[in-house]
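Residue 157 in the numbering used here sits at position 157 of the sequence shown; the count goes up by one each step and never skips.
No lab work stands behind these hints: they were computed from the structure.
What you are looking at is a predicted structure, and each value in this text was computed from that prediction instead of being measured.
Even for Gly, the Cβ is constructed at its ideal location relative to N, Cα and C.
One or more of the hints may lead you astray.
The calculated lysine-lysine pairs, modelled on DSSO-like cross-linking and capped at a C-alpha distance of 27 Å, are [what the hints assert, rightly or not]: (1) 165 / 191; (2) 326 / 11; (3) 84 / 165; (4) 85 / 191; (5) 84 / 191; (6) 96 / 84; (7) 84 / 11; (8) 165 / 326; (9) 85 / 96; (10) 165 / 85; (11) 218 / 326; (12) 218 / 191.
Ranges between beta-carbon positions, derived for each pair [to be verified]: (13) 288 / 123: 21 to 29 Å; (14) 42 / 102: 18 to 26 Å; (15) 28 / 228: 21 to 29 Å; (16) 102 / 187: 47 to 55 Å; (17) 18 / 168: 21 to 29 Å; (18) 297 / 275: 17 to 25 Å; (19) 102 / 148: 32 to 40 Å.
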Amino acid sequence: MQTAVDDHIRKILSHFLPGTSLLSVRPLGEGNINDTYLLQLSGRTPVVLQRINGTVFLQPEQVADNVRLVTDYIRKQQGERDAKKTLQLIPACDGKSCCLDDDGSVWRMVDYVTGTECFSAVASSSQAYEGGGMLGWFHQRLEHLDPGLVSEVLPGFHDLPAYCKHYLQARSSHQRRPTSDLRYCCRQADKRLAERFRLQSALDNGETFRRVIHGDPKIDNVLFAVDSGRAVALIDLDTVSPGIPACDIGDCLRSYCNVLGEDPSRPGDVVFDTDICKSMLDGYRASGVSFPAGERHLVYEGVKLLTYELGLRFLTDYLNNNRYFKVDEDDKNLRRAVVQFILLNSIEQQQETIKEIAIGG
Numbered sequence: 001m002q003t004a005v006d007d008h009i010r011k012i013l014s015h016f017l018p019g020t021s022l023l024s025v026r027p028l029g030e031g032n033i034n035d036t037y038l039l040q041l042s043g044r045t046p047v048v049l050q051r052i053n054g055t056v057f058l059q060p061e062q063v064a065d066n067v068r069l070v071t072d073y074i075r076k077q078q079g080e081r082d083a084k085k086t087l088q089l090i091p092a093c094d095g096k097s098c099c100l101d102d103d104g105s106v107w108r109m110v111d112y113v114t115g116t117e118c119f120s121a122v123a124s125s126s127q128a129y130e131g132g133g134m135l136g137w138f139h140q141r142l143e144h145l146d147p148g149l150v151s152e153v154l155p156g157f158h159d160l161p162a163y164c165k166h167y168l169q170a171r172s173s174h175q176r177r178p179t180s181d182l183r184y185c186c187r188q189a190d191k192r193l194a195e196r197f198r199l200q201s202a203l204d205n206g207e208t209f210r211r212v213i214h215g216d217p218k219i220d221n222v223l224f225a226v227d228s229g230r231a232v233a234l235i236d237l238d239t240v241s242p243g244i245p246a247c248d249i250g251d252c253l254r255s256y257c258n259v260l261g262e263d264p265s266r267p268g269d270v271v272f273d274t275d276i277c278k279s280m281l282d283g284y285r286a287s288g289v290s291f292p293a294g295e296r297h298l299v300y301e302g303v304k305l306l307t308y309e310l311g312l313r314f315l316t317d318y319l320n321n322n323r324y325f326k327v328d329e330d331d332k333n334l335r336r337a338v339v340q341f342i343l344l345n346s347i348e349q350q351q352e353t354i355k356e357i358a359i360g361g
């Protein structure tokens, strides 16, 4: 099996770096969507080769084109002393951002950022500060990029009203056994349905604005330097899209402030860590990014509704027999949903503290 994988990878490699010898291949990361490999090559630094999930991304070529647009734009903004790194996309031999294999799957390649590591959960306040600064740097560098130039590769992404509609459809037709965890999640989902329009209303009312956002700035999408612990790069740019900053900031806090991670051994111990929240937002501000009062007022709504959104997505996918997120056990998406709803309750219990941290900075 491994030999067949290696042979296929060699064939794909020839579309990007013809004549380069492949020394080794290994899976990279724990992503829920794409298939990612680290390639050790003869005579050059390692590269990351990724098959874009054509079931999730219906136009995967546009995903690769978005990454190229954003990384090229950021690179033009960077000064010589900028310590942050931007992913370097390696174009195919025909100049395109990606290539197709014989099965029609879309592959793209980027240089591997050496001397770095990533984490599945935040380990310290200083790490949260660094990660917040990384997101702020990303937002600052893209502040003037016209969001209309970026393709919406996931129509409905971060569209909470749409996710609620999909949940209600799945709830009415699923064949799952009504376990205590499933009943708990459905209760949690149902009680917050009325809040689904809050961020859209903020956009419609002029409280916020659209710009290019990352879309999935969780902690394991930040690369940290092994020697210094500094955040040096933001990866997994497949979800870059037109959106509002509160979605990115809220999703970042959702990920960072659950220090037990998305699949803990004891879900009941999950809490939203407000010290980590403060450190992340301090780092974000320190990046120099524009962070007006209107955006600060939406931070609490962002983290609450993005946590609700992810819990809803995990729950819906479980009810639909795990069509979207990768799972190695049938009930994994249900367990993931439980964690998000427990985290959501902790967020709501600390509403005033989170608002004070966000607004008072």
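Now the hints, each set against the structure:
1. 165 / 191: holds, 14 Å
2. 326 / 11: The given pair, whose Cα atoms are some 26 Å apart, holds under the 27 Å limit.
3. 84 / 165: violated, 40 Å
4. 85 / 191: Status violated; Cα separation ~43 Å.
5. 84 / 191: Violated - the C-alpha atoms of residue 191 and residue 84 are around 42 Å apart, more than 27 Å.
6. 96 / 84: holds, 26 Å
7. 84 / 11: Violated, because 33 Å separates the two Cα atoms, which is more than 27 Å.
8. 165 / 326: holds, 22 Å
9. 85 / 96: holds, 22 Å
10. 165 / 85: violated, 39 Å
11. 218 / 326: holds, 17 Å
12. 218 / 191: holds, 26 Å
13. 288 / 123: 21 to 29 Å: For residue 288 and residue 123 the Cβ distance comes to about 25 Å; the hint holds.
14. 42 / 102: 18 to 26 Å: The hint (18 to 26 Å, Cβ to Cβ) holds, given that residue 42 and residue 102 are roughly 25 Å apart.
15. 28 / 228: 21 to 29 Å: Since residue 28 and residue 228 have Cβ atoms about 22 Å apart, the given range 21 to 29 Å holds.
16. 102 / 187: 47 to 55 Å: At roughly 48 Å between Cβ atoms, residue 187 and residue 102 fall inside 47 to 55 Å, so the hint holds.
17. 18 / 168: 21 to 29 Å: This hint is violated: roughly 51 Å between Cβ atoms.
18. 297 / 275: 17 to 25 Å: holds, 21 Å
19. 102 / 148: 32 to 40 Å: holds, 35 Å
Going through the hint list in order, the structure does not satisfy hints 3, 4, 5, 7, 10, 17.
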